[in-house]
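Taken in sequence, the protein lines are chains E and F.
Heads up, the working numbering is the position in the first sequence plus 1163, with the first residue counted as 1.
Heads up, the working numbering is the position in the second sequence plus 182, with the first residue counted as 1.
To be clear, the hints were calculated from the coordinates, so they are not data collected in a lab.
All values derive from a computational prediction rather than experimental measurement.
Heads up, a few of these hints could be off.
Some, not all, of what chain F presents toward chain E, calculated at C-beta under 8 Å [what the hints assert, rightly or not]:
{"id": "1", "residue": "Arg-223"}
{"id": "2", "residue": "Gly-224"}
{"id": "3", "residue": "His-227"}
{"id": "4", "residue": "Leu-230"}
{"id": "5", "residue": "Ala-267"}
{"id": "6", "residue": "Phe-270"}
{"id": "7", "residue": "Asn-276"}
{"id": "8", "residue": "Phe-277"}
{"id": "9", "residue": "Asn-278"}
{"id": "10", "residue": "Lys-279"}
{"id": "11", "residue": "Phe-280"}
{"id": "12", "residue": "Phe-282"}
{"id": "13", "residue": "Gly-283"}
Derived lysine-lysine pairs resembling DSS-like cross-links, with alpha carbons at most 27 Å apart [as the list claims (entries may be wrong)]:
{"id": "14", "chain 1": "E", "residue 1": "Lys-1241", "chain 2": "F", "residue 2": "Lys-279"}
{"id": "15", "chain 1": "E", "residue 1": "Lys-1207", "chain 2": "F", "residue 2": "Lys-279"}
{"id": "16", "chain 1": "F", "residue 1": "Lys-251", "chain 2": "E", "residue 2": "Lys-1207"}
{"id": "17", "chain 1": "F", "residue 1": "Lys-287", "chain 2": "E", "residue 2": "Lys-1174"}
{"id": "18", "chain 1": "E", "residue 1": "Lys-1234", "chain 2": "F", "residue 2": "Lys-279"}
{"id": "19", "chain 1": "F", "residue 1": "Lys-252", "chain 2": "E", "residue 2": "Lys-1207"}
{"id": "20", "chain 1": "E", "residue 1": "Lys-1225", "chain 2": "F", "residue 2": "Lys-279"}
{"id": "21", "chain 1": "F", "residue 1": "Lys-208", "chain 2": "E", "residue 2": "Lys-1225"}
{"id": "22", "chain 1": "E", "residue 1": "Lys-1207", "chain 2": "F", "residue 2": "Lys-208"}
Just a sample of chain E residues kept apart from chain F, beta carbon distances all over 10 Å, derived [unchecked claim]:
{"id": "23", "residue": "Gln-1211"}
{"id": "24", "residue": "Phe-1228"}
{"id": "25", "residue": "Ser-1250"}
We treat Cβ as the ideally placed atom computed from N, Cα and C, and that holds for glycine.
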Amino acid sequence: EAGVAQSPRYKIIEKRQSVAFWCNPISGHATLYWYQQILGQGPKLLIQFQNNGVVDDSQLPKDRFSAERLKGVDSTLKIQPAKLEDSAVYLCASSLASSPLHFGNGTRLTVT
Amino acid sequence: SQQGEEDPQALSIQEGENATMNCSYKTSINNLQWYRQNSGRGLVHLILIRSNEREKHSGRLRVTLDTSKKSSSLLITASRAADTASYFCAAQYNFNKFYFGSGTKLNVKP
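Excised from the complex, chain E in its bound form (with noise of 0.2 Å):
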């Protein structure tokens, strides 16, 4: 099976602009999940997916942060405006009930 693809691969950007991430998740997978991991960290969750609808947001900086899964498949995750601190991978993972999650190979992003 085709794994979660993601893209871009690596984005740098100055303070104060947007960004916009983009997931795919394996076909069937009812299940998104959006992680933050900050080098030497553990990812932290930012908001999960089940089909089209929002489970849990409570740790996205609404502020700044946006996600939206329409059609319950692909996923895109914005920030405006993006802050230093925002500098992390930013990871998506897919499931289905109650199974493991696939994880892509993620997002870097450097805010100058």
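Put chain F on the given structure of chain E with help from the hints.
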């Protein structure tokens, strides 16, 4: 926050030795999973232990779970240089929520 903790933060061993890493979590779980992350890559699932299990084996991996202490350990036996990576535990809760620990960076020297 439901993020867990892991120790040690870093571990350096010789090839052939065993590596043990520990994880603690905060509230009752459905299961506990371990993932590996190679540099610059996403996480890969290694092994899952359910909340009613105490020990599980898979190849050179052995995982234990102590729900009374809210802790788990991962043992990698006869380590290889290719095992060099970061290892993370993930506690799975209701509604398929996963919270990750802070990770152990393992370096296996040839």
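Hint by hint, here is what the structure shows:
1. Hint on Arg-223(F) holds. Least Cβ distance to chain E is approximately 5 Å, under the 8 Å limit.
2. Interface hint at Gly-224(F): satisfied, since its Cβ lies 3 Å from the closest Cβ of chain E, which is below the 8 Å cut-off.
3. Proximity of His-227(F) to chain E holds as hinted, the smallest CB-CB distance being about 4 Å (cut-off 8 Å).
4. A cut of 8 Å between beta carbons decides the hint on Leu-230(F): the least distance to chain E is about 6 Å, and the hint holds.
5. Because the beta carbon of Ala-267(F) sits about 13 Å from the nearest beta carbon in chain E, more than 8 Å, this interface hint is broken.
6. A least Cβ separation of about 5 Å between Phe-270(F) and chain E falls short of the 8 Å threshold, and the interface hint therefore holds.
7. Of the supplied interface hints, the one on Asn-276(F) is violated, with its beta-carbon coming no nearer than about 10 Å to a beta-carbon of chain E, more than 8 Å.
8. The restraint placing Phe-277(F) at the interface with chain E holds, with a minimum CB-CB distance near 6 Å, inside the 8 Å limit.
9. Satisfaction of the interface hint for Asn-278(F) is found here, the shortest Cβ-Cβ separation to chain E being roughly 5 Å, below the 8 Å cut-off.
10. Interface hint status for Lys-279(F): upheld, as the beta-carbon distance to the closest one in chain E is roughly 6 Å, under 8 Å.
11. Look at Phe-280(F): its Cβ gets to within about 6 Å of chain E, closer than 8 Å, so that hint holds up.
12. Restraint check, Phe-282(F) versus chain E: the minimum CB separation of about 4 Å is within 8 Å; hint holds.
13. Satisfaction of the interface hint for Gly-283(F) is found here, the shortest Cβ-Cβ separation to chain E being roughly 5 Å, below the 8 Å cut-off.
14. With a CA separation close to 22 Å, the supplied pair Lys-1241(E) and Lys-279(F) stays within the 27 Å bound.
15. Distance check on the hinted pair: Lys-1207(E) and Lys-279(F) sit about 11 Å apart at the alpha-carbon level, within 27 Å; holds.
16. Restraint check for Lys-251(F) and Lys-1207(E): the C-alpha separation of about 23 Å stays at or below 27 Å, so the hint holds.
17. With a C-alpha separation of about 25 Å, the suggested pair Lys-287(F) and Lys-1174(E) falls inside the 27 Å cut-off, and the hint holds.
18. This hinted pair checks out: Lys-1234(E) and Lys-279(F) have alpha carbons roughly 21 Å apart, not beyond 27 Å.
19. Straight-line distance between C-alpha atoms of Lys-252(F) and Lys-1207(E) comes to about 20 Å, which keeps the hinted pair within the 27 Å bound.
20. Distance restraint check for Lys-1225(E) and Lys-279(F): the Cα-Cα separation of roughly 19 Å lies within the 27 Å cut-off, and the hinted pair is therefore satisfied.
21. Between the alpha carbons of Lys-208(F) and Lys-1225(E) the distance comes to roughly 26 Å, so the proposed pair stays at or under 27 Å and holds.
22. Distance hint between Lys-1207(E) and Lys-208(F) is fulfilled; the C-alpha atoms sit about 15 Å from each other, no more than 27 Å.
23. Not every CB of chain F lies more than 10 Å from the CB of Gln-1211(E), the least distance being 7 Å, so the non-interface label is violated.
24. With a cut of 10 Å on Cβ distances, Phe-1228(E) stays outside the contact zone with chain F, its closest approach being about 17 Å.
25. Every Cβ of chain F is farther than 10 Å from the Cβ of Ser-1250(E); the closest lies at roughly 15 Å, confirming the non-interface assignment.
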